[in-house]
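Peer 1: Take a look at the letters that make up each chain.
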Amino acid sequence: MSGRLRSLVALLVFAFACGGPSATPSMSGTVDDFGDTLGLVAPATRVVSLNPVTTELLFALGVGERLVGRTSWDLFPDAARAVPDVGNGMQPNVEAVLGQRPDLVLLYASASNRLAARQLRAAGVMTLALRTDQVADLARVTPIIAAALGAAERGRRVVDSVRASLAAVGAMPRPAAPVTAFWHIWDAPLMTIGGGSYLSELLEIAGATNVFADAAAPSPQVTLEEVAARDPRWVLAGPLSAVRIRAHPGWQAVRAVREGRVITIDTTVVGRPGVRMGEAARYLRRVLIDAPPR
Amino acid sequence: MRVHVWILLVAAVVAAALVGIGGGPVALSLGEVWGALLGEGDPTHVAIVHGLRLPRVVLGLVVGAGLAASGTALQATLRNPLAEPYLLGVSGGAAAGAVLALTLGLVGPALVPLAAFAGATAAVVVVLLVARAVSGHADPRVLLMAGVVVGAFCTAAIMVALATASENQVRTALWWMMGSLGDAQWASLRWIALYVSAGLILLATWARDVDVLALGEEAAASLGLEVERVTRRVYLAASLLAAATVAGAGLIGFVGLIVPAIARALGASNTRQTLIAAALAGGALVVVADLAARTVMRPAELPLGAVTALIGVPFFLWRLRSLR
Amino acid sequence: MIRFEDVVVRYRGAAEPAVQGVSLAALAGRVTAVVGPNGSGKSTLVRALLGRLPLASGRLLLEGVPIGGLDRRAIARRVAVVTQREEPVFPLAVREYIGLGRHPHGGPFAVRDDADRAAIARAVALADVGAFLDRTTDALSGGEWQRVRIGRALAQGGAALVLDEPTTFLDIAHEMALFELLDALAREGQAVLLVSHQLNLVARFADHIVLLHRGRVAAAGSPAEVMRGDVLERVYEWPLVVSRDPAVGAPVLVPLRGRGTR
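Protein chains in written order, with the numbering used here: chain A, 1 to 294; chain B, 1001 to 1324; chain C, 2001 to 2262.
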């Protein structure tokens, strides 16, 4: 079991090291996840970031002052709060974005954002639509964004630092017996994290196992009875959900709930595959393995 | 109706309940199920049987009975074999109530069902008032049209609410509207069972009046029935019965439509017999449909409304053919 | 028996009353027929009896009691009405259907007692539907269904029986059978009130005919008195002659070709 985990961590680190296009990204010629080509003549100076991951990344790259727009959800780091709020990151308000006169817009590459990308490009604004779903994505997108901002060296340092902190957690001794966890995402319908999702990867790095790692979808819907059947050692949930789970009679069917092993997860720490991934992994490691609450 | 058919129906209910308690994603042997029912054995198994499966089965029996009885009464009152419990504003009102509660962020465990019930009740009353304003007496055609109008309004309200809701709220609203027994808990179950029983008893009491009503307005009048009064009270009882089932399990279609037909096909000859037979058959059907919903696509749970529709549509087509 | 005294009935929103001051009596032991052209107010009278229309003025008495003083069940126990059409959406056993005739007598959970059983048996015998008791209502011919409906009406046990156009969908044999049945019922003591278009059959079987014209009584009396060419032609606004048929010994109405046609 620990051998399997070790090789999994190694695979992740490897993916981290080689993710992304083989050529060093430049300001023009890079193709983003929508298939659009980036064509900047000079590093971008006015950037709107419609993705919390990229907003944080820009500050980490030291170019936070060039940010002229963020989504309502981008609250990290604190300095981000000073940046103007242009609304949603999904199906964004294109008018509000254009109002900030950006020369580069960073989008999350989901189907619902294709229209916005087209509209922005038609208005003459350069866009970069990138997927930020998994651990490996950060190593892939950071060089692209860093190049577009003329901060390639800084970008490499950010990637190295995150990789190192993740590797540090991954290298910690694996527990003798597998530590299984069920991560509660949503009620009605009951949803959890699937095998390919970022949080599932994070759990594996931290040394635990997602009981629904066999589910292919990123956010599969499951029944309570199934959770009880898989008998996770820990149940992880956000603050409101944790309270509900402890109070709900149906959840008593899950042994972990019966025996008081419901952990309230600090969702501000463990959110997205961004620059604080290492911190998130360390947090999970501490909470699940090193010093679990009792 | 012949005695052996009654016995068959009761046996079907018992069998469905047993299968519903014994079946599920966790494979339990008969011995383990029996032990769990008695409170012995692996505490997880006991919790699954007592806390998850048993309440679901009971809720399924109650909801199935309520919907089938409601459908029986409405089909007779509206003199239309295609009538079903949600027809006169119930589904639209319940969904509007629930969606509004969800998008306003009222997510207490009992609040959504209560809001659904309140919405359904409001819609039912509005339909009655509209029908009364349009034509003095409770003409079934006017009731139907009023139901369509109120339903359309509720749909519009739901669309507005969903357009401004977050992704998660939309997901929850849709999940609720597709029907599920997943919310079954002993605490709320008590109330729903009480309510449905009251509705069933009322309808069974008025069953003879409904028989007469089903003959036609003039025939009913000539037999001494206060057509208006009886139509109104049966319609109210049947609709509120349906509203109670919606509060407990969301929208579950086709049960109220096809089970009365099954009861009649089995030989139920008057409204009282049809009510009781339909209640039994409806309960068994919903329990079996729920079992399918939670085991067919493990680990996911199919919406109950989808399963009943999949059962209902072929049955319906078969009925249409035999009508020719 | 049924007595209309100067009854005026108006439909909601209508300029003219549909029935203006009609007085007629349907007495026990005889067949009383109400005839007249379309729109003369015949069906309106039936609806007033059913309580579907209120009386603007006048009195409607059942066995001497004004209808306003009786609740619907009490009315149903005194008079049974067989309307023009009836099509049950859900088929019933004939036995069950006739049993519904006892509805005005019992409560929701009332059990059939001897009086009920006797009334049902009598109704079945009079209407001669004993052969179809176990068939369902959707498996009867037009004539059989009409007899079954009369059986249900008789089971109500009232002294009066009212029928609105009972022969509309029946062929000659069934028409005759129905009129003979009504005649027999009257002989048994029933008060039979019949609304019909079938002037010739009415002339043969009715004891008393009331001819309505635009909501008023144009003529009332025995068939010989009412069935007169001048009266009928004026009321029906169509050329006709009344002759006497030697084969049946009753007045026979023969409509002629309309003016302006050849």
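In short, the hints are calculated from the structure, not lab data.
Warning: the hint list may mix true and false statements.
[Claimed, not checked] Here are some chain B residues pointing at chain C (derived, C-beta under 8 angstroms):
| # | residue |
| --- | --- |
| 1 | D1139 |
| 2 | T1164 |
| 3 | T1205 |
| 4 | D1211 |
| 5 | A1214 |
| 6 | S1222 |
| 7 | L1223 |
| 8 | A1265 |
| 9 | G1267 |
Cβ atoms here follow ideal geometry from the backbone N, Cα and C, with glycine treated the same way.
Peer 1: Is the interface hint satisfied for B:T1205? The criterion is a beta-carbon contact with chain C at less than 8 angstroms.
Peer 2: holds (5 angstroms)
Peer 1: Holds or violated: B:L1223 as interface residue toward chain C, Cβ cutoff 8 angstroms?
Peer 2: Holds, about 5 angstroms.
Peer 1: So, B:T1164 near chain C? Judge it on the closest CB pair being under 8 angstroms.
Peer 2: violated (44 angstroms)
Peer 1: B:A1214 was flagged as interface toward chain C. Is the shortest Cβ-Cβ separation under 8 angstroms?
Peer 2: holds (6 angstroms)
Peer 1: Is the shortest C-beta separation between B:S1222 and chain C less than 8 angstroms?
Peer 2: holds (4 angstroms)
Peer 1: Given a cut of 8 angstroms on the nearest C-beta pair, is the interface hint for B:D1211 held or broken against chain C?
Peer 2: holds (6 angstroms)
Peer 1: Hint validation: B:D1139 versus chain C, beta carbon distance must be below 8 angstroms. Holds or violated?
Peer 2: With Cβ-Cβ at 12 angstroms, over 8 angstroms, it is violated.
Peer 1: Can we keep the B:A1265 interface hint, with Cβ of chain C closer than 8 angstroms?
Peer 2: Given a least distance of 11 angstroms, the restraint on B:A1265 is violated.
Peer 1: Using 8 angstroms as the Cβ threshold, decide whether B:G1267 counts as touching chain C.
Peer 2: violated (10 angstroms)
The structure does not agree with the numbered hints 1, 2, 8, 9 stated previously, though it agrees with the rest.
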